[in-house]
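Going down the list, the sequences are from chains S and R. Counting from 1, one number per residue, gives the positions in the first sequence under this note's numbering. Counting from 1, one number per residue, gives the positions in the second sequence under this note's numbering.
Among the clues, some could well be false.
Heads up, the list lumps identical chains together, so a pair's fine if it works in one copy or across two of them.
[Unchecked claim] Heads up, simulated DSS-like pairs for lysine-lysine below, C-alpha to C-alpha not over 25 Å straight-line:
no.	residue 1	residue 2
1	K82	K172
2	K113	K53
3	K172	K113
4	K30	K148
5	K20	K164
6	K199	K24
7	K164	K148
8	K199	K82
9	K199	K113
10	K199	K30
11	K24	K164
12	K20	K82
None of these hints come from the bench; they were simulated from the model.
Number of protein chains: 2
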Amino acid sequence: MDLINALNWRYATKRMIDRKVSQKDLDTIKETISLTPSAYGLQPYKVIVTENKELLQKIHQQACPQLVIEQCSHLLIFKAMKTVSAEYLEEFLQEMKTIRNSSDEYIDGYREKINYVLQNPQIDIFRWTTKQAYIALGFAMVAAAELKIDATPIEGFNPDALNKLLNLDTSKEETVVLLTLGYRDEAEDHLANVPKIRKPLSELIEAL
Amino acid sequence: MDLINALNWRYATKRMIDRKVSQKDLDTIKETISLTPSAYGLQPYKVIVTENKELLQKIHQQACPQLVIEQCSHLLIFKAMKTVSAEYLEEFLQEMKTIRNSSDEYIDGYREKINYVLQNPQIDIFRWTTKQAYIALGFAMVAAAELKIDATPIEGFNPDALNKLLNLDTSKEETVVLLTLGYRDEAEDHLANVPKIRKPLSELIEAL
């Protein structure tokens, strides 16, 4: 299967050459993120896409010391919502009603289900929205691999510094994970040709 | 691109017909999960795969009232590690040393980087391992879609009840998310032919 080949080809690229990802490929990755499922379909996150060298340099200096931040063609910055406001929810439900021609009863029932989560004091909403963003991260990585674009997920950054640099209102959203896009520099990247390390399938997957 | 077609085809299937996913396709999905990247390559999660009707019935009764749990061909249960033990870490590093022929200096530096996270009191390790499991969830969903297998991610279950049913040692691991695999029952599933609801790309993705 092509997917398996693509996933064997990909790795967490640490050095990239100076080559841009095409608009067409970038659009495919954006569309993939858009098509990613999320709890109740709420998509409680946003993604910043930047190729602005000045901004990338600042991010490298102030929030993430990895060289690939400066070298990449594009950087995706995933931001998760801190809360899902009643306004956001109602806009979503209105869209659902319009697109699916849903009955008021259906919408009311759906609102109730969502509010069961949103108003549950045992559920940490930011933790929940972050998990949704990670599904989108996964989808974006698969899309990149299938397009033979290198992609490096990065958790090792300073979110406070990055939130500040991006002027985020952190009562509403915070950066949660990064993904660089570009093309590997095989000559300079010591990880370019090393074998993957994976648990044996029998340790990862249990049949019951 | 095939990926986009596959993702437009997929949806959170609520009713499935009585048809088994083939061993070949199941193996591809397992391989995809195995190839999913994780922080430092630690793969701090496991996945239970079951098609045991008795167990599925119990899960349906005790931990997750969604009908698709009983109807699916296979259920994947993602479990995230509560802690990454020194023993687990050393086994991983030993594997790295063997597979990549890494120097002791490299291994020591890598251990130090990982321990910076593991020993950071500000980092909630279970939250972190859960996020890694969600990347694998995303990869598995894409694989299923490309194989034209329906897949429903499910967060709405009672983890305590499921942990208990599976006899998990919850000091070591907990169930975090489910994925049913199978084939849609178009006649019975009211979601089978409704349009997707997605934010406009301009609201989901910001260019900076």
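Original post:
Between the shortest in-copy and the shortest cross-copy C-alpha distance, which are at most 25 Å for K20 and K82: within, between, both, or neither?
Top reply: neither (33 Å within a copy, 40 Å between copies)
Original post:
Should K30 paired with K148 be assigned to within, between, both, or neither, using CA atoms and 25 Å as the limit?
Top reply: For K30 and K148, both the intra-copy (15 Å) and inter-copy (22 Å) Cα distances are at most 25 Å.
Original post:
Within a copy, between copies, both or neither: where do K199 and K30 come within 25 Å Cα-Cα?
Top reply: This pair counts as between: shortest inter-copy Cα distance 12 Å, intra-copy 31 Å.
**OP:** Could you place K199 and K113 in one of the four classes (within, between, both, neither) given a Cα distance threshold of 25 Å?
**Re:** Between copies only: 20 Å across, 38 Å inside.
Original post:
What label fits K20 with K164 when the C-alpha limit is 25 Å: within, between, both, or neither?
Top reply: neither (27 Å within a copy, 51 Å between copies)
Original post:
When no copy is named, should K24 and K164 be tagged within, between, both, or neither for a Cα gap of at most 25 Å?
Top reply: neither (31 Å within a copy, 48 Å between copies)
**OP:** Could you figure out if K172 and K113 sit no more than 25 Å apart (CA to CA) within one copy, between two copies, both or neither?
**Re:** within (22 Å within a copy, 31 Å between copies)
Subject >> 25 Å Cα threshold - placement of K24 relative to K199 >> reply: between (36 Å within a copy, 20 Å between copies)
Original post:
From the Cα coordinates, with 25 Å as the cut-off, is the pair K113 and K53 best called within, between, both, or neither?
Top reply: neither (44 Å within a copy, 28 Å between copies)
Subject >> Homo-oligomer pair classification [K82, K199; C-alpha up to 25 Å] >> reply: between (35 Å within a copy, 18 Å between copies)
Original post:
Under a CA distance limit of 25 Å, which applies to K164 and K148: within one copy, between copies, both, or neither?
Top reply: The answer is neither: 33 Å in one copy and 43 Å across copies each exceed 25 Å.
Original post:
How would you classify K82 and K172 at a CA-CA limit of 25 Å: within, between, both, or neither?
Top reply: within (5 Å within a copy, 28 Å between copies)
Of the numbered hints stated above, those contradicted by the structure are hints 2, 5, 7, 11 and 12, listed in ascending order.
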